[in-house]
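Asker: Take a look at the letters that make up each chain.
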Amino acid sequence: MSFTQILTLPLTILWSVSACSGAIDFPSQVLPVLEEHCFKCHDERKQKGKLRLDTLSPDLLKNRIAAETWHDVRDALNLGEMPPEEEPELSREKRQVLVGWVNQEIDALIEAKKGTGGRVVLRRLNRSEYQNTMRDLLGIEHNYVKDFPPESLSEDGFRNDGSTLQISDLQMEYYLKAAREGLRKAIVLGPKPKVIREEFTKTVKDKNRGSNILDKDQQFIVKLMEYPEEGEVIIRTTVRAEQAENRGYPQLRAAIGYRADVQAPREFIKSQDVVSEDWQEFEFRSRIENFPLPSKTQSKFPGLLVWLDNAYAEGRDKPLKARGNGKKQKQTEGPLTYPQIEVQSMEFIGPVFEQWPPKHHTALIAPRKSGENEAAHVSKILTKFMSRAFRRPVDRSETLPYLKFYQSIRPTLTSLEEAMQETFAMILISPDFLYLVEPSSETKRPLNDWEMASRLSYFLWSTMPDTQLFKLAREKKLRNPKVLQAEIERMISDERSWQFIEQFADQWLDLGAVQRVAVNPNYYPKFDDALKTAMRQESLHFFEEIFQKDLSALNFIDSKFTMLNEPLAKHYGLTGPRGSSFERVDLNTKDHRGGILTHGSILLGNSTGEDSHPVKRAVWIRERLLDDPPSDPPPNVPNLDSTNPDFANLSVRDQLAAHREEASCKDCHRGIDPWGIPMESYGGDGLWRDKILREKTKGKGMNKLPVETETTLPDGHEIGNIADLKSYLLENRKDQFARAFTSKLLTYALGRRLEITDEKDVEGLTGKFIANNFRIKPLIQLVVASETFQTK
Amino acid sequence: MSRKPWHLHRRTFLRGAGATLALPFLECMGASAKTLPRPKRFCSIYFPYGVSLPRKKDDSAKWQWFPDAVGRDYRFNESLKCLEPLREHLSILGGLSHPHGRKIGGHDSADIFLTAAELKGGQLKNSVSIDQLMAAQLGDDTRFRSLSLSVDGGVGEATRSSTLSFSRSGQPVPALHNPRVVFNRLFGKEDRSLEDQRQELQNSENMLDLVLDHSKSVRRKLGKQDQNKFDEYLQSVRQIEQRVERSERWLDVPKPQVNAAGLHLDADDKTPGELIKTMLDLMYLAIQTDSTRFLTYQMGNMNGATSIATKFPSLLGFGKNQHTLAHGWNKPRGAEALGKWDRFRAQQLSYFLQRLQDTPELDGTLLDHTMVLYGSSNSNTHNNTNYPLVVAGGDELGLKHGGYHRFGSDVPLSNLFVTMMNRLGMPTKNFVDSTGEITELIA
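These protein sequences, in sequence, are chains C and Y. Per my numbering, residue 1 is the first one in the first sequence, and the count goes up by one each step. Per my numbering, residue 1 is the first one in the second sequence, and the count goes up by one each step.
Keep in mind the hints are simulated off the structure, nothing from the lab. Backbone N, C-alpha and C define an ideal beta-carbon position, used for all residues, glycine too. A portion of the hints provided could be inaccurate.
[Unchecked claim] Have a look at the derived ranges for each label pair, beta carbon to beta carbon:
| id | chain 1 | residue 1 | chain 2 | residue 2 | range |
| --- | --- | --- | --- | --- | --- |
| 1 | C | T362 | Y | D358 | 55 to 63 angstroms |
| 2 | Y | D268 | C | K270 | 47 to 55 angstroms |
| 3 | C | K177 | Y | P37 | 31 to 39 angstroms |
| 4 | Y | D58 | C | K270 | 53 to 61 angstroms |
| 5 | Y | K62 | C | W498 | 32 to 40 angstroms |
| 6 | Y | D358 | C | K270 | 28 to 36 angstroms |
Based on the sequences and whatever the hints tell you, model everything.
Answerer: So, in structure tokens, the structure goes:
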């Protein structure tokens, strides 16, 4: 169980009771209650839930683990989880003694640790932050992290936890490599390159695939014998759509590569909906190095190929089994069943630049002024780049080693630019760039303006501060509350705040789960794997809508709308937008949708790919919405052995009930399973169902089992279905949800796990979050304004 | 390191390694097998959640992973039958486990498969894994000291690490998971001239020196807690300095030429069959080209919640995800379903071992010079005892094979590690909790 746990209403009351009564003594008051009610299951004989109390130190100040355990004990008491129903009830007075004592000790702990507790840990940029920062620092779109090992998750499920993020020589190697690759693009060498510009109106014939009409299989393909190998290129094309009835818009996509006979190697530039049936111009931009280019030495596939195709997804990513015999079905007559694109012309231009050397170059290497000597010039370049890379001003003593390095390598290289590429690479592997370095001493101190700028930008943008934040830091205005408030507003309305949503919402809700489940086509023959991405997008856009429109976060529990695009709306059986981008769709009761619990991302992500997984779904609710994760399963979980020969034919609910008959499972699972059972109305594919399919144990075919959703929650509430569950959460658990959301946001904002010493902050923020009608923007303002965010 | 004169020639001759290849270097060099130093290698392949171990003597019994009788005359059950052709080059071991592992959670034990450590305290600190220990002592003669691979890549989280390798300070060594990245590291060609590369490596060396100097002053300004965190960075810089020096030494030796056709370098978690096979091919190629001698590959970890390997059996048509399959180890239908998955995994092993066995080296084969440890740290799921283990190869290094041996719980798995290290030429008395050697495996 996590110690950043819930505080329900009764607890708040108890807290204040304890605060005004006199000190509670452990040996004379607490110990007797423990002996009477708790030791039976938690001493040397038995340690239910892996908990032993008789040897647990009552010195919370000195023993951190004991402090966290007592904190869990208190929460279990407050939630009414302990003592369990079959044991004698704890009187109100005795409960107050236990809870009051823990609160009193935690208060003392918070007071004692005021100066040092809950410090933000030195944190390196994680994968996404590094990627965004490099892009913004160098001004070059490029995948800087493609070779990097994946990042670890913290216990709370976040990827920006300073203590979890490790570093290794392998990473250092890739940091250096990525820096050099990026710098070779950002700093150009040599004279202005020749611009290739070629226009095409006809496709190359390639077996049966070349065509000016793009449908499911036809592509428009052109070949360039002369092409640039570096720099940004533009593919500009004039096309029109031929819409098909009851289908989405066709999607125009461009790709560059060199082999037409196989799918790879080629890469796509993202697709765009073609809405109009009139001729219209589209433009794709990308850097040519991001694509597989023909090798200079081999001649088997000479020339560069540029494709246009129609990425309208339906049926594209379906499992092979469900795709039919694979034979092409040519449409001859009758109304169109697949939306098409007609290509009139395509123009290839590249490399494109508005000036030479390009702006991204001159932004890093300012031209030398007349009369300026080289050392002064280089010094100026270094100071400017370093202060942006280190996100703070640098003085002469700091630039000196880099200047020396520059001078040592300059004679071996032909130009200042080449020597600068290497010198900048050195800057990009130094700790001041890779880490958010915040010098500190034994006691806490307020952040300076520069540190504040970085904390803000990595919190709300997942990238480095922009010019304005740097400007305000330089003017020492960032710690002015009014300025700060206005900055946060600006940052939230900036499009970079999508990077916050993509990080925070994804990690809080674990949206990556859909990619870890394989959907079984025997159960869901119509399921198209491209829907997994759409499901994740639905939840991200849903978060964005609630956040940006300043709606109540209670919409996560239940809402009258969701965010859909054409394929996902079709999957859900709803009328939605016709295009591939996500739009708000209003919901009716009969749609059986609303709130995050009905999102495909959560339903599929917490399924087996064949059926629902009520235990996973239940754990998801407790972990993500209530911040009350159940403890891990014990080392040797007994098998759910099929003593009952009909076990496989039981409904999920009955199987789980049988499961809970086992004494060893019961303790935990009675607090878990009931949360998942009301969601049984949704299959693994996220769709509403009235029958559960299960493969027959003997012979072929499927059994159909009834859907059963009635259950009793651990606190005794009877729940009939998903609607009941949602209204129960809204009525009885909304404060707990508020606290959970606040804790998650604060954890993410600080980049560290919360500790007991953060208790009061979480408490205070939660109260204000509720008072502000559960709106996220004011909560962000409050988090940033908090002392814990603004100190090191 | 003193580069052996034959290294250069030998590498120059390696060609088309995707296909079969006879090493012509012996003839070309006119050297006799006896005078050449024997390469000594270790490779470990790990799979999660244990195997099928039905107790009943009915139809499901044939899916019992372990053979029925011990000794040389054992008969393979269904799941390991594919290893029959290699029987004389491998041993099946039963009953072994890490004593420290028996005390921890059923899904927590993958981290200590090669370390035998007691994961202690809130930090769950690990200690060195045998591959890294071996590489530190014996890894000087190859371009890469060691190679750590896994399905998930990176380091993962403590108790759910996505790597088998841990450094001497107990830090997880990140595993590579993308076949193309592995290929490029081992065999990728540089476009630029040797001179440019040398210049770049020298620059790297200088800049790392300067960065290290500068970092020491950064460290002084940090709080205590942050200093500890920062030491990871300093450590990495020192290590990469060594790596750069090594690259400089190897610069004049061209990377081995390997034919990438037939390798599915774009395989990922959506195509698990190709992904696993490609990783094994790359390991084979790394061994065959003598690019490294110490390799680990984690074919999935026990993090059901985040591992992309969880869905592999479902995608490959084995019906259920990895964890659910594992729970069937003693159920009538479950044992069969899991057994078939066990067989699939054993077939991957068999494919890999056979490739090593089919490639001659000195007076034997690559397999004769490579000790392969294959297994899991669960017997059946959640159970941290009686690891299912196959030890193969290393015949020319002093291992003896052909039997199925069972041990009591008083024999720690570390005894096997000590046995292997001694055969590799690393005189070792103890490793963590070892009590001796496994004499049954000593020739």
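Asker: Hint by hint, note whether the structure agrees.
Answerer: Now the hints, each set against the structure:
The hinted range of 55 to 63 angstroms is satisfied by T362 of chain C and D358 of chain Y, whose Cβ atoms lie roughly 59 angstroms apart. Between D268 of chain Y and K270 of chain C the beta carbons are some 20 angstroms apart, a value that contradicts the proposed interval 47 to 55 angstroms. For K177 of chain C and P37 of chain Y, the Cβ-Cβ distance of about 33 angstroms falls inside the hinted range of 31 to 39 angstroms, so the restraint holds. In this structure the hint that D58 of chain Y and K270 of chain C lie 53 to 61 angstroms apart at CB holds, the actual value being about 56 angstroms.
The hinted range of 32 to 40 angstroms is not satisfied by K62 of chain Y and W498 of chain C, whose Cβ atoms lie roughly 56 angstroms apart. Distance hint check: the CB atoms of D358 of chain Y and K270 of chain C are about 46 angstroms apart, inconsistent with the given range 28 to 36 angstroms.
The structure fails hints 2, 5 and 6 (numbered hints given earlier, in ascending order).
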